[in-house]
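Number of protein chains: 2
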Amino acid sequence: MITGKNYIGNIHSSLGENVLKAYNPTDGSIFSEEFSVATSEEVNAAIEKADEAFSVYKTISYEQRATFLEAIADEIMELGDALLERASGESGLPNGRFQGERGRTCNQLKMFAAVLRDGSWLNVNIDTAIPDRAPIPKQDLRKMNIPIGPVAVFGASNFPLAFSTAGGDTASALAAGNPVIVKGHEAHLGTNEMVTQAILKAAEKTGMPDGVFSMVNGGIPVAQQVVSHPKVKAVGFTGSLGGGRAIFDLANQRPEPIPVYAEMGSTNPCFLMADKLASDPTGLGANFANSVALGVGQFCTSPGLLIGVKSDALDQFVDTLGKTLAEASAATMLNEKIAKSYYEHRGALIEQIGVVSIGESDNPGESKGKPLTAKVDGSTFLANTKLHQEIFGPFTLVVECNSADQMVEVAKSLEGQLTGTLVADESDIIANPEVANALSEKVGRILFNGVPTGVEVCHSMQHGGPYPASTDAKTTSVGTAAIDRFVRPISYQSWPDSLLPAPLKNGNPLGIWRVVNGESTKEAI
Amino acid sequence: MITGKNYIGNIHSSLGENVLKAYNPTDGSIFSEEFSVATSEEVNAAIEKADEAFSVYKTISYEQRATFLEAIADEIMELGDALLERASGESGLPNGRFQGERGRTCNQLKMFAAVLRDGSWLNVNIDTAIPDRAPIPKQDLRKMNIPIGPVAVFGASNFPLAFSTAGGDTASALAAGNPVIVKGHEAHLGTNEMVTQAILKAAEKTGMPDGVFSMVNGGIPVAQQVVSHPKVKAVGFTGSLGGGRAIFDLANQRPEPIPVYAEMGSTNPCFLMADKLASDPTGLGANFANSVALGVGQFCTSPGLLIGVKSDALDQFVDTLGKTLAEASAATMLNEKIAKSYYEHRGALIEQIGVVSIGESDNPGESKGKPLTAKVDGSTFLANTKLHQEIFGPFTLVVECNSADQMVEVAKSLEGQLTGTLVADESDIIANPEVANALSEKVGRILFNGVPTGVEVCHSMQHGGPYPASTDAKTTSVGTAAIDRFVRPISYQSWPDSLLPAPLKNGNPLGIWRVVNGESTKEAI
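Respectively, the protein sequence lines represent chains V and Z.
The first sequence lines up with residues 287 to 811 when you count with the numbering used here.
The second sequence lines up with residues 287 to 811 when you count with the numbering used here.
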């Protein structure tokens, strides 16, 4: 079933001599298949094909596009347990985790099918003509969103299904009417090919044009070629700050710059407010330990900073947090490189002056991540931005402030974040409104209690935040609004009704919500 | 009244030794005032003050912000004829033109006041909790737009009122809740200071925080400092491709990149379709001559490319166009530099092989722009991208295609455009749908007949387009949607109603349109 080929639309291709191999982090073994690194010609062919497919795909009805997305979900389910096993084998994450992640992936595809039928994503705005307006007549103007062209997608290692080949970026780009070129993630090459086959089967069954989806394997040179190609019109990326920024820079240096939607993680600061903390320090300590250790800390929303004011309650919280994490066993991380990076960055942080490690946590080897927490006082944290960086893995840093005012200073000192959490009673927010106020300027999502891990896929989700959490704080990579990244508005001026696209016609044949002369309505004009 | 100072919020400042002088392009005279070039300290002070003002300004009610915008309009009117005279004196544009432009400027400010009261710009989306959902409860999530922080605005020389100091960028950034720092345009220094005074008077009268608006004078170094400052969070720019791209590059190379919304003009291609052209070639020729010569061709929507298929009707069209333009008298351009650039670029284009100038048009000197048209065949146009560039001024190039198919090729060969026009009967679009289809991929606004000059300020306007027309094709610099550039969404998760911002509260106290669990409504929850 796994061929190791590149998929230039429906053509399976392996022209190059270089190959990649898939790796099993749990036992260090290498999978047998050889994955062909795409040649420059193959990459160009995939993009040219996407560009040709665009002229057809953009004209396909929203209903047909929705059917295509649903068919992808069906074909992914058709892959059965083999997909879960391969994903587990390539990522070190347990098989059961992929039951859930597969469900999320399929639900995302179905959600965008529903978005297509709902029509709100078209953002239709109509201002009708006023021919007798003085001094000049008002023209009829009608605006709607349209697709932008081929989109390149770079998936994440920590979500081999939900944020990769058929993940949120691919689903939203396809929903918007754009062909997609995926560069297969090197950390789950087999999973990627299996999902690629599912997408192409769905495309064939639902009559989509050849080239609506392509997949090429390779490393940085392939990524650079894809991002630099003049016919690629946007990029979706989930991964590290280094990788995201490199792609962002390359895309902006093109003769025609293109948008890069990179979600690059964050430290997800949690502010432990006095009243709430005092009410249950040990319970909160245990809760946060679980959130830190969840998925071996390999979530972009993993709580990496816990900020409180020096107090007995904070001591109890830290004590429970430290003990619970110390008792947690080491678990296999996504790959050797990530495990190595975890211990290196964690070690470098703990070596900073004033940082005290809570308990012991050696590197057990075999790509296993062992949880750990450490503590530092607020003044030291404020003075050393090395302590503000994300450590990808099951580590969290407790910042012990000398006052509520210092918590505000800490909030103000932070870089952009995907999330920020107030662990608080209402009385805490009323007593110290400036913490929440300062935090709201830094984050895409602000929680009142709970833990930041767990990102609901819905209309109201904002998964993105000021740089370096993402490269475009106005957009989200999770939820229905993710489709907005891959469209642009166009205004039709003074067109006859018969020639207008369906969403703009007087009769509102699609029956969608539209803003007509400033008022939301589903009525015809 | 004109002091030549920089305005660091309410402080008038002239610490530097360098000065700029204002210039009258009509008679070449120099205005008497000396405008102080802001020092590095003054620029920093303005931005620091904006950052401090932000913490207050963002908390001010939408109603109060609306009152501020309306007060700016009132104060601009209070400047009376002196403003119109100064703007005319500094730009060479007739006084009467500024009656209209002032009205547009004030209407834009009032429109954004209405936008603030309407509340749709907040884009409120609420998904209520489902506590008993299996396997995990659904959290309450509520999303709304919030301001982003200090915005830098660089105005345009061709609209000293409507796209400058208190123009669309400033109005939309202030409406969104962001302080604004304007770098005064060197081509209308006095007009800029007068409008600055109006804005600051309005701020004082309506109780806005000091620093909500600042204005600094200077050249490229001042611009670079403003764009590079870490506390500036976005840039609005209207002007040339060279200037816009330089600012875009600088902003993207920052440690924390920021969005640049640059509107950089275009050639605004108009496709003369066979049936329509044959019905009235001379009338159309006269119409387009007027559009080309309007405002001495100094509009970003001036029709710079006219594309038709070789025919008697096209010959008649070109004949009328050429004659009408030849009869139009030369008029003063915005400044010496623009006039010089017009003749240089026009000359370089006409010297290209295969380009035939229609009629004579010498440079009369005195910064006066004389209209002209020229002709080239489709194959030559397709082979030479130098012919695709915008010539800022009253010039248009007629492209004579050998077939309807070649028109499609021309449409496909174009760069991104603000507008594209089909001069067509319905029968033309039905006979040759590919022209409109190809054109729609290149433009922000697509017209069915009419001329592209004249940009309606309304909900459905898209004034922006694929690069190089703008740096962000998803946004517009004209119309209510311009406010979207200066906000970002934030999601509130599981917050108690009492602590939520007003737009998100269950009771909908602002009475605005919201999407609740996927349905548009003004109802309370």
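Worth flagging that the hints you see were computed from the coordinates, not collected in a lab.
Take the hints with a grain of salt, since some may be wrong.
[Unchecked claim] Here are the simulated lysine-lysine pairs, DSS-like style, with alpha carbons at most 25 Å apart: (1) Z:K517 / V:K672; (2) V:K623 / V:K596; (3) V:K517 / Z:K808; (4) V:K672 / V:K626; (5) V:K623 / V:K672; (6) Z:K291 / Z:K487; (7) Z:K808 / V:K698; (8) Z:K623 / V:K396; (9) Z:K698 / V:K517; (10) Z:K808 / V:K808; (11) V:K424 / V:K596; (12) V:K307 / V:K654; (13) Z:K791 / Z:K424; (14) V:K344 / Z:K661; (15) Z:K517 / Z:K596; (16) Z:K491 / Z:K344; (17) Z:K396 / V:K424; (18) Z:K672 / V:K698; (19) Z:K623 / Z:K307.
Original post:
Holds or violated: K808 of chain Z with K808 of chain V, Cα cutoff 25 Å?
Top reply: 15 Å, holds
**OP:** Please work out if K517 of chain Z and K596 of chain Z have their alpha carbons no farther apart than 25 Å.
**Re:** 56 Å, violated
**OP:** With a cut-off of 25 Å on the C-alpha distance, tell me whether K698 of chain Z and K517 of chain V pass.
**Re:** 12 Å, holds
Original post:
Are the Cα atoms of K517 of chain Z and K672 of chain V separated by 25 Å or less?
Top reply: Holds, at roughly 21 Å.
Original post:
Are the Cα atoms of K623 of chain Z and K396 of chain V separated by 25 Å or less?
Top reply: 57 Å, violated
Original post:
Hey, K672 of chain Z versus K698 of chain V, does the alpha-carbon distance stay inside 25 Å?
Top reply: Given that 25 Å is the threshold and the Cα spacing comes to 50 Å, the pair is violated.
Original post:
Does K424 of chain V lie within 25 Å of K396 of chain Z when you go C-alpha to C-alpha?
Top reply: 18 Å, holds
**OP:** Take a quick look at whether K491 of chain Z and K344 of chain Z sit within 25 Å of each other, Cα to Cα.
**Re:** Answer holds: K491 of chain Z to K344 of chain Z is near 18 Å, not above 25 Å.
Subject >> Restraint status (C-alpha distance of K344 of chain V to K661 of chain Z at most 25 Å) >> reply: Distance of about 34 Å is beyond 25 Å: violated.
Subject >> Agreement of K517 of chain V and K808 of chain Z with the hint, judged by alpha carbon distance not exceeding 25 Å >> reply: 43 Å, violated
Original post:
Going straight from one Cα to the other, do K307 of chain V and K654 of chain V come out at no more than 25 Å?
Top reply: 21 Å, holds
Subject >> Agreement of K672 of chain V and K626 of chain V with the hint, judged by alpha carbon distance not exceeding 25 Å >> reply: 19 Å, holds
When the structure is compared with the earlier hints, violations turn up for hints 2, 3, 7, 8, 11, 14, 15 and 18 and for no others.
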